[in-house]
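Top line first, the protein sequences correspond to chains D and R. Sequential numbering of the first sequence, starting at 1035, is according to my numbering. Sequential numbering of the second sequence, starting at 1035, is according to my numbering.
Don't read these hints as lab results, they were simulated from the structure. Treat the hints loosely; a few may be bogus.
A pair counts as met if it fits within one copy or between any two copies, since identical chains are not told apart.
[Stated by the list, open to error] Straight line, CA to CA, 27 Å or less: simulated DSS-like cross-link-like pairs of lysine-lysine: (1) K1342 with K1283; (2) K1213 with K1159; (3) K1268 with K1283; (4) K1253 with K1341; (5) K1199 with K1283; (6) K1253 with K1199; (7) K1079 with K1188; (8) K1181 with K1263; (9) K1199 with K1268; (10) K1148 with K1159; (11) K1181 with K1196; (12) K1159 with K1079; (13) K1393 with K1346; (14) K1115 with K1252; (15) K1073 with K1268; (16) K1367 with K1346; (17) K1360 with K1079; (18) K1268 with K1159; (19) K1346 with K1252.
Protein chains: 2
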Amino acid sequence: MRIGILGGGQLAMMMVQQSEDTNFDFLILDPTESPPASKYATCIKAEYDDIGSLNYIADECDVVTIDFENVPADTLRFLEKRIVVAPSSSAVEICQDRLKEKELFINCGIPVTKYTSVYDNDSLKASIDYMGKNSILKTRFLGYDGKNQFDMEKVDGIDYLKECKSNQLILEKKVDFEKEISIIGVRMNTGKILFYPLVENIHKNGILNYSIAPYDDKKLQKLAEEYHKKISDKLNYVGVLVIEFFLDKNGILIANEMAPRVHNSGHWTNEGANINQFQAHIKAVANCELESISIKNHSAMVNILSKKPDLKNIKDFDYAYYDYNKSERHNRKLGHITLNNKNRDKLMQDLNTVYNFIKT
Amino acid sequence: MRIGILGGGQLAMMMVQQSEDTNFDFLILDPTESPPASKYATCIKAEYDDIGSLNYIADECDVVTIDFENVPADTLRFLEKRIVVAPSSSAVEICQDRLKEKELFINCGIPVTKYTSVYDNDSLKASIDYMGKNSILKTRFLGYDGKNQFDMEKVDGIDYLKECKSNQLILEKKVDFEKEISIIGVRMNTGKILFYPLVENIHKNGILNYSIAPYDDKKLQKLAEEYHKKISDKLNYVGVLVIEFFLDKNGILIANEMAPRVHNSGHWTNEGANINQFQAHIKAVANCELESISIKNHSAMVNILSKKPDLKNIKDFDYAYYDYNKSERHNRKLGHITLNNKNRDKLMQDLNTVYNFIKT
Chain D
1035 MRIGILGGGQ LAMMMVQQSE DTNFDFLILD PTESPPASKY ATCIKAEYDD IGSLNYIADE
1095 CDVVTIDFEN VPADTLRFLE KRIVVAPSSS AVEICQDRLK EKELFINCGI PVTKYTSVYD
1155 NDSLKASIDY MGKNSILKTR FLGYDGKNQF DMEKVDGIDY LKECKSNQLI LEKKVDFEKE
1215 ISIIGVRMNT GKILFYPLVE NIHKNGILNY SIAPYDDKKL QKLAEEYHKK ISDKLNYVGV
1275 LVIEFFLDKN GILIANEMAP RVHNSGHWTN EGANINQFQA HIKAVANCEL ESISIKNHSA
1335 MVNILSKKPD LKNIKDFDYA YYDYNKSERH NRKLGHITLN NKNRDKLMQD LNTVYNFIKT
Chain R
1035 MRIGILGGGQ LAMMMVQQSE DTNFDFLILD PTESPPASKY ATCIKAEYDD IGSLNYIADE
1095 CDVVTIDFEN VPADTLRFLE KRIVVAPSSS AVEICQDRLK EKELFINCGI PVTKYTSVYD
1155 NDSLKASIDY MGKNSILKTR FLGYDGKNQF DMEKVDGIDY LKECKSNQLI LEKKVDFEKE
1215 ISIIGVRMNT GKILFYPLVE NIHKNGILNY SIAPYDDKKL QKLAEEYHKK ISDKLNYVGV
1275 LVIEFFLDKN GILIANEMAP RVHNSGHWTN EGANINQFQA HIKAVANCEL ESISIKNHSA
1335 MVNILSKKPD LKNIKDFDYA YYDYNKSERH NRKLGHITLN NKNRDKLMQD LNTVYNFIKT
């Protein structure tokens, strides 16, 4: 069975790598030169609206999925006329727009922070008057890893609309959160959903720094799963869907955003679960049966950003290292390290060592 | 030219009355016995989904409009396949759902209070935990005049979902407002919009008690008109559309709800403007030219609720009295009185006299 993947980044790369012992093979479309996945699977270099390439993928593949959520919805709709696309164009399209995403959260009864939409300097001023400066201005589309986000308390005198190159913006009230956690669920087209345990995520400058799993709270786990089910049922979703939450000081889960794909906060599953998120996603997309998900011990994942470390100096304990085959650039995700340990304290100690090693 | 009106309440009645000297005649559909408008125009007594009656209206009329916003959207869609319906089914459908209405406000960059959707007792509890008890639970559909609304601070121990006979609810954070004001605008299908000045509205138990116009604030007038234009353009709206706002203590306009029809807060226009809201609506719906709107002096409107007063004792000053020909019932709108005066202070004095007279 052949699976098409739109986007050839590290997520596509790991989908391919983690499917090594299966009957799946892959065909990837990516507009960039030598993306990470191209080392492991056939990769077509073309734009996402290149009709010839899309028709070729539809001819050659049984199903198509995505490696990142900003594949144009028109591309997915074009493919949907010919083959199965999972997740669907309509699900992905909602996740592309922070405003539609929030509407869906609210529709599903999931708390979100206060927000307004902004489309010009007058509406920005009116929105700040209403919401207060304790807010973040974001682009509705194409934002990721903290890009195109402006803290209204920290910056001033900037023509944000010019800076964002967009007049489709959203102003979100800052959430005074205690923790950031995410729920990773995989939904089959039968409607069955399997969940990984909650993950705690630590961000820096809007970029995920490291994750620790499980975040062990039965009540929150149940609530997050209910929220996920509400959303993924409504979208008739197929594949891995990840929802990121703030946990505020009153213990309330407030939805921040969601990703219609495998997710950085699920990389620990490669070593930490019986089936990892990449295998789970591919199986769901390929309409294969998934029995159950169980985890092994405690896990952590540390992102390697900006610069590749010399790992030969940290061989005192077990770790798995993933290299995305990308060139170094400030704040670029170049790889990650996963740790797994029976003992939570030992895990945290190792995480600390690795984190400090990578920082320097 | 014949105009169909779905609903035969006092608004339809006044549309007919105020079109007396025109070439328009009317055909009304209403499921109730002898609704207010039936005294002035031909009225078909049938349900809104009675296909025979709808086909008859489509055969006999040139255009169809509505007297109340809860005409089923399917009825409007059915008619739209045969004749012009103004406002359109899609515009009316949004106004029927408090959740969709709020989404539209946010999409247009208009502040709204914080809200969550509620669909069962668990989600109600979670929503109150998040929003606080300083909130009002409302049905998304079919609520009006404060019906099906529960102040979470005042009531307790009620099974709201059972009480509301609905699992499509919305919890809205109470707004600490200084005033309630509304903007009445009429949009032609050319895109031209004419506005009345802002109206101040005083409610009691969720029901409009009286209105005073103009609410003279150039800056707010401009902003409210901009908000109205954003929305009515987006909906490609034809006819009168009214948006009700809270004005908070910081001078911020916060949209509360909107009505896709002529509105109780515009009844003063009968005596207070060169063209009243009923004439303006019918002309827009009938695709006739509307030049401009100007007002005469200061106006007030007082609703007559529950019980009809003996007006012969208040003849010391000019007023206009409208009787809706309805039987008395607690909190039912039975009629209204409009006052108009060059002198604002004299108007307020008269308003006070009438209001106190009606109360007793």
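For the identical chains here, do K1199 and K1268 meet the 27 Å Cα criterion within one copy, between copies, both, or neither? between (33 Å within a copy, 23 Å between copies)
Indicate which option fits the pair K1268, K1283 if close means a Cα-Cα distance not exceeding 27 Å: within, between, both or neither. Answer is neither; intra-copy 29 Å and inter-copy 39 Å both fail.
Evaluate K1346 and K1252 at a C-alpha cut-off of 27 Å and name the case that applies: within, between, both or neither. neither (39 Å within a copy, 71 Å between copies)
Copy assignment of K1181 with K1263, given that the CA separation must stay at most 27 Å: neither (29 Å within a copy, 32 Å between copies)
Classify it for me, K1253 with K1341: is the Cα-Cα distance of at most 27 Å met within a copy, between copies, both or neither? neither (39 Å within a copy, 54 Å between copies)
Intra- versus inter-subunit Cα pairing at 27 Å for K1367 with K1346: Within one copy, since 20 Å is at most 27 Å while 82 Å is not.
One pair to classify: K1199 and K1283, alpha carbons no more than 27 Å apart. Within, between, both, or neither? This pair counts as neither: shortest intra-copy Cα distance 35 Å, inter-copy 34 Å.
If the cutoff is 27 Å on CA atoms, where do K1393 and K1346 land: within, between, both or neither? Let me know, please. Classified as within: same-chain Cα gap 15 Å, cross-chain 87 Å, threshold 27 Å.
When Cα atoms must be at most 27 Å apart, do K1115 and K1252 count as within-copy, between-copy, both, or neither? This pair counts as neither: shortest intra-copy Cα distance 42 Å, inter-copy 53 Å.
K1253 and K1199: within-copy, between-copy, both or neither at 27 Å Cα: neither (42 Å within a copy, 29 Å between copies)
Intra- versus inter-subunit Cα pairing at 27 Å for K1342 with K1283: neither (36 Å within a copy, 54 Å between copies)
Under a CA distance limit of 27 Å, which applies to K1159 and K1079: within one copy, between copies, both, or neither? Result: close neither inside a copy nor across copies, 43 Å intra and 51 Å inter.
Comparing the model with each earlier hint shows violations of hints 1, 3, 4, 5, 6, 7, 8, 12, 14, 15, 19; every other hint is respected.
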